[in-house]
Amino acid sequence: MGRYVVRRLLQMIPVFIGTTLLIFLMVYALGDPVAALFGDKAPDPATAARIREDLHLDEPLWKQYLLYMGAIFRGDFGTAFNGQRVTELMATAFPVTLRLTLVAVVIEIVVGITLGVVSGLKRGRPLDTGLLVVTLVVISVPTFVSGYLLQFLLGVKWGWVSPSVSSDARLDELILPGVVLALVSLAYVTRLSRTSIAENTRADYVRTAIAKGLPRHRVITRHLLRNSLIPVVTFIGADVGALMGGAIVTERIFNIHGVGYQLYQGILRNNSPTVVGFVTILVIVFLVANLLVDLLYAVLDPRIRYA
Amino acid sequence: MRGASHPTPWVACAVAAVLAVTASACGGGGGGGSDGVLSSSWSDPQNPLEPANTNEVQGGKVLDMVFRGLKRYDPGTGEARDMVAEAIETTDSQNFTVTLKKGWTFSNGEKVTAGSFVDAWNYAAHIDNKQNNAPFFSDIVGYEDVHPESGAARAKSMRGLVVKDERTFTVALKDKFSTWPETLGYQAFMPLPQAFFTDRAAWLNKPVGNGPYTVDSYTRGSEMRLRRWDGYQGPDKARNAGVDLRVYTDNNTAYQDLISGNLDLVDDVPAQQLKNVESDLGDRYINQPALILQTLVFPLYRPEWSKPGMEKVRLGISKAINREQITRQIYQGTRTPAKDWTSPALGEKGGYADLCGDACVFDAAEAKRLIAEGGGLPGGRITLTSNVDTGSHRQWMDAVCNSVNNVLGRGPVCTVNPVGTFADFRNQVTEARVTGAFRSGWQADYPLIQNFLEPLYYTGASSNYGKFTDRRFDALVDRANAEADQAAAVKHFQDAERILAAQMPAVPLWYQNGSAGYSERLSDVKLNQFSVPVYDRITVG
Numbered sequence: 001m002g003r004y005v006v007r008r009l010l011q012m013i014p015v016f017i018g019t020t021l022l023i024f025l026m027v028y029a030l031g032d033p034v035a036a037l038f039g040d041k042a043p044d045p046a047t048a049a050r051i052r053e054d055l056h057l058d059e060p061l062w063k064q065y066l067l068y069m070g071a072i073f074r075g076d077f078g079t080a081f082n083g084q085r086v087t088e089l090m091a092t093a094f095p096v097t098l099r100l101t102l103v104a105v106v107i108e109i110v111v112g113i114t115l116g117v118v119s120g121l122k123r124g125r126p127l128d129t130g131l132l133v134v135t136l137v138v139i140s141v142p143t144f145v146s147g148y149l150l151q152f153l154l155g156v157k158w159g160w161v162s163p164s165v166s167s168d169a170r171l172d173e174l175i176l177p178g179v180v181l182a183l184v185s186l187a188y189v190t191r192l193s194r195t196s197i198a199e200n201t202r203a204d205y206v207r208t209a210i211a212k213g214l215p216r217h218r219v220i221t222r223h224l225l226r227n228s229l230i231p232v233v234t235f236i237g238a239d240v241g242a243l244m245g246g247a248i249v250t251e252r253i254f255n256i257h258g259v260g261y262q263l264y265q266g267i268l269r270n271n272s273p274t275v276v277g278f279v280t281i282l283v284i285v286f287l288v289a290n291l292l293v294d295l296l297y298a299v300l301d302p303r304i305r306y307a
Numbered sequence: 001m002r003g004a005s006h007p008t009p010w011v012a013c014a015v016a017a018v019l020a021v022t023a024s025a026c027g028g029g030g031g032g033g034s035d036g037v038l039s040s041s042w043s044d045p046q047n048p049l050e051p052a053n054t055n056e057v058q059g060g061k062v063l064d065m066v067f068r069g070l071k072r073y074d075p076g077t078g079e080a081r082d083m084v085a086e087a088i089e090t091t092d093s094q095n096f097t098v099t100l101k102k103g104w105t106f107s108n109g110e111k112v113t114a115g116s117f118v119d120a121w122n123y124a125a126h127i128d129n130k131q132n133n134a135p136f137f138s139d140i141v142g143y144e145d146v147h148p149e150s151g152a153a154r155a156k157s158m159r160g161l162v163v164k165d166e167r168t169f170t171v172a173l174k175d176k177f178s179t180w181p182e183t184l185g186y187q188a189f190m191p192l193p194q195a196f197f198t199d200r201a202a203w204l205n206k207p208v209g210n211g212p213y214t215v216d217s218y219t220r221g222s223e224m225r226l227r228r229w230d231g232y233q234g235p236d237k238a239r240n241a242g243v244d245l246r247v248y249t250d251n252n253t254a255y256q257d258l259i260s261g262n263l264d265l266v267d268d269v270p271a272q273q274l275k276n277v278e279s280d281l282g283d284r285y286i287n288q289p290a291l292i293l294q295t296l297v298f299p300l301y302r303p304e305w306s307k308p309g310m311e312k313v314r315l316g317i318s319k320a321i322n323r324e325q326i327t328r329q330i331y332q333g334t335r336t337p338a339k340d341w342t343s344p345a346l347g348e349k350g351g352y353a354d355l356c357g358d359a360c361v362f363d364a365a366e367a368k369r370l371i372a373e374g375g376g377l378p379g380g381r382i383t384l385t386s387n388v389d390t391g392s393h394r395q396w397m398d399a400v401c402n403s404v405n406n407v408l409g410r411g412p413v414c415t416v417n418p419v420g421t422f423a424d425f426r427n428q429v430t431e432a433r434v435t436g437a438f439r440s441g442w443q444a445d446y447p448l449i450q451n452f453l454e455p456l457y458y459t460g461a462s463s464n465y466g467k468f469t470d471r472r473f474d475a476l477v478d479r480a481n482a483e484a485d486q487a488a489a490v491k492h493f494q495d496a497e498r499i500l501a502a503q504m505p506a507v508p509l510w511y512q513n514g515s516a517g518y519s520e521r522l523s524d525v526k527l528n529q530f531s532v533p534v535y536d537r538i539t540v541g
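Going down the list, the sequences are from chains U and V. Per full-length UniProt numbering, residue 1 is the first one in the first sequence, and the count goes up by one each step. Per full-length UniProt numbering, residue 1 is the first one in the second sequence, and the count goes up by one each step.
If you're looking for bench data, these hints aren't it; they were derived computationally from the structure. Check the hints yourself; a few may be wrong.
[Said to hold, decoys possible] Taking lysine to any residue and the SDA-like style, the derived pairs with C-alpha atoms no more than 25 Å apart in a straight line are:
#1 V:Lys156 to U:Asp54
#2 V:Lys275 to U:Ser146
#3 V:Lys111 to V:Asp165
Here the structure is a predicted model, which means the values were calculated and not measured.
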C-alpha cells in the first residue's frame, strides 16, 4: 500500500512537468501581453522594453520556462499585471472555489445517489423512466442557460436569493451556484448509480443477504450500495478536478471571485504567471484526486488490494 | 484500509461534516452598506492603482474620487477648471509658472506642495518606474534624460521642472503647447504624498490622496470601500457618505443585482438587456455620448492601400457603411453615428462639428462609383480585423461587410478576421501586421480636440497605427499648438480635420455612449465625458 502510493507519487512528476510545459507553451503562443497593458494607446517603446525585461519576455522560450519552474520550486509564482502576487491571488481564489466545489459535490452525492438508488430499485417503472427523461434534459442544457435562468427566476423574479455572491462567498450564498454547477454531473451520477444498482440487485450476494433475513434497508445500504458505488466514486473523483477548473461559467454568472474568475481574467490579459500558476495547482489537484479515488476502491471493495 | 466488517457510515459522515462547516461559516450575514453609502459596479483595474500607471476607466474611476489635480474637467461642460492650481501663467506658451492654492492637504494630513507635484511627475517619467503614462511628460525639458529610448536613465529628475517655493513651481516645455494647462486634469498629473515614495507597496494597498474620498478598505480583485473625507477642504465635497465599488466579471450579473435591489449603480448596461432598460428602469437610465470614437483604420503602411487614387476607395467604403442602421439594430442607440473625428462630448466650442459631411453618409450608388473610380478594392477584397471578446465587435463587422458586399454586388469580397483576445489584437496592430482595415477605438484622455487628432494622425505619432502622413495636416497641428488663443487653435485643428475628410485614413464609425442605470435610492446621477459617474454629486436616500 505504502509502496503503491510512493510509486504513484513518483509517476506524478513527469505528468506535472509535461502539463506545465504544455500550458506554458500555450500561454506563450497567445503572444506578447505587454501591448495590451497600454489599452488603445501605443506602448511607449522604452517602458515596454523595460517591462519585457523584468518579465524575462526577451529571453528564449526554454530559458523562460526554466526560470519560471525554478521560481515555482522556491514558492514564487510570479506577479500578476495588477501588481498582486499570484500566490496572494491563489490564497483568495482557491478557498472560494473549494467551497463551491464542496457544495456541488455534496449535492451531487446526496441527490444523485439517492435518485440513482430509487430509480435503480424501481427499474422499468414510471418513476425510473421519468427520472431518465429528466436527467436527459438536464444533461443537454448547458450551464450558462441553467445558470442565467435560475439566477433570473430565483434572484430577480421571486427574490428568494441574491443574484450574485458577495465577496465573502459564504456557504449559504453558494447553494444556488453549487446547484447550477452540480446539475450536469448530478445527472451523470444518477444514471451511473442507477445502472450499477439495477445490475447488482440480481447478484448472488444480494439474494444471500435477503435469504439471511436482513432488513431491506440494511441489504440496500450495506451490501447493494457499497458494491455499486465504484463507478460513481471514479466519476466523482475525476469530477472534483473538473469542477474546480471548470467553474469559469458558473463563477462568471454569479460573480464569484474564485479560480475560474482569475483564470478568465488571466487569459483575457495574456497574464502567463496567473494562468500557468493556477493551472499548475489544478493539475496537482487532479492528480491527487485520482490517487484518492484509486485508494478508495480498496475501501469499497475488499477484493482490490495494492501492493 | 480494509475495514469491511466495521460499520462505516461514510456518506452520512461527509454530509454531517459539510453541514457543520455550513453552520459555522454562516455566522456573518447581513452585508449591505450603512446609511448614505451607495454601491456601484466595478471591474478589476488592469494595472496597480497609481496615477501615472492607470490608463483605463476602472482605475480612473477610483483616482477621480481619491485625487484632485491642478485642474479638473467640469463634468457638465468639460471645461478645465482650476482645482489645486490658483494660476497657471505663461507669456510664450512654452514656459509656465504654476501657483497652488493654500489649504490643500492629503487625507493623512500632509500638505499639498509644489514638491508633491514635481516629485510625482518625476517619478512618473522615470524609466525605472515603468509607468504606462510616462509619455504624457515627454513635452517637458529633460524627459530624455530620465526616459531614454534605450539604456539607463542619465538623471533622476527632469530639468524642466523647478520648485520655486512651497506653492510655486515652473515648467519648461520643449515646444510651444498653448493648451498644455488644459491637459493637467488628466489623472497622470495628480500629486503624490511622501508616503507613496517611502512605502509604495503599502500605499498601493490603500491609496492616500487629496480628493473628497478616502479609501476605507481595499480587497484587490473584489471590493473597494471609499468613504467621504470629512476634512476635505475643496469646493466639491462629497454629497454621500461613501461608495462601495464591487468587482463584477459579468456586466449582466451587475444588472440583475441592480434590478433586484442588490446594487445601486451600474455604469455598463449589457447589450442584451438594452431592450428591457425602459421597463426595468424607466428614467433611471442614462445614455449620452462620451469621449470615445470607434474608427476603421486603413493600413497606409501597405502600398496597395496608400497609393494615389486609393483615397476614393477609402471614401467609397466610408459611404458604403450604413451607420444609422448599425447603431440602431446592433447597439440599440447606445452608439451615435459619427460625423467627424472627435466627439460630441467636446461641444461645439471644443471643436465638434459635422466635418465628415457627405463622406459619412450612406449612399450605395455613390460608394460603388467611388470605389470603381479609385481602381477597386486592392486585390478585389478587403478584410476587417478586430478583437471580438467585447463590445459586440463581431456583429458590427459582419454588418459592415454585408453592407459593402451588397453595395459592390460581387459576392463576399469583404470578410471578417476576428481576433480572440484584446491583447493579441493590440500586438498585431502595434506591430503593423494587419493587412486589411482594422478597428481602432480611442478614448480621449482629456476633453481637447488636440487629443483626438495629434496622437492619431500626426506623422510618426504614438498611436498613428495606420501610418498616415500628410505635410499640410502636420503643419496645421503645429500652428494650432502654437496659437495662444483657444478659439483660433480649435479653428486650425478643424482645418486639419478637413484634410482627414478628404484623405479618409480612418473611417469614423460611431461615438460610443456612456450608459448607466441606477436604483431608486439615488438621485443626481450624472456621467462625465469619460462615461464615469460623477460620484461626489450623487445623493442617497
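Inset, instruction - Could you tell me which of the hints above the structure violates, numbers in ascending order? - result: Violated hints: none; all satisfied.
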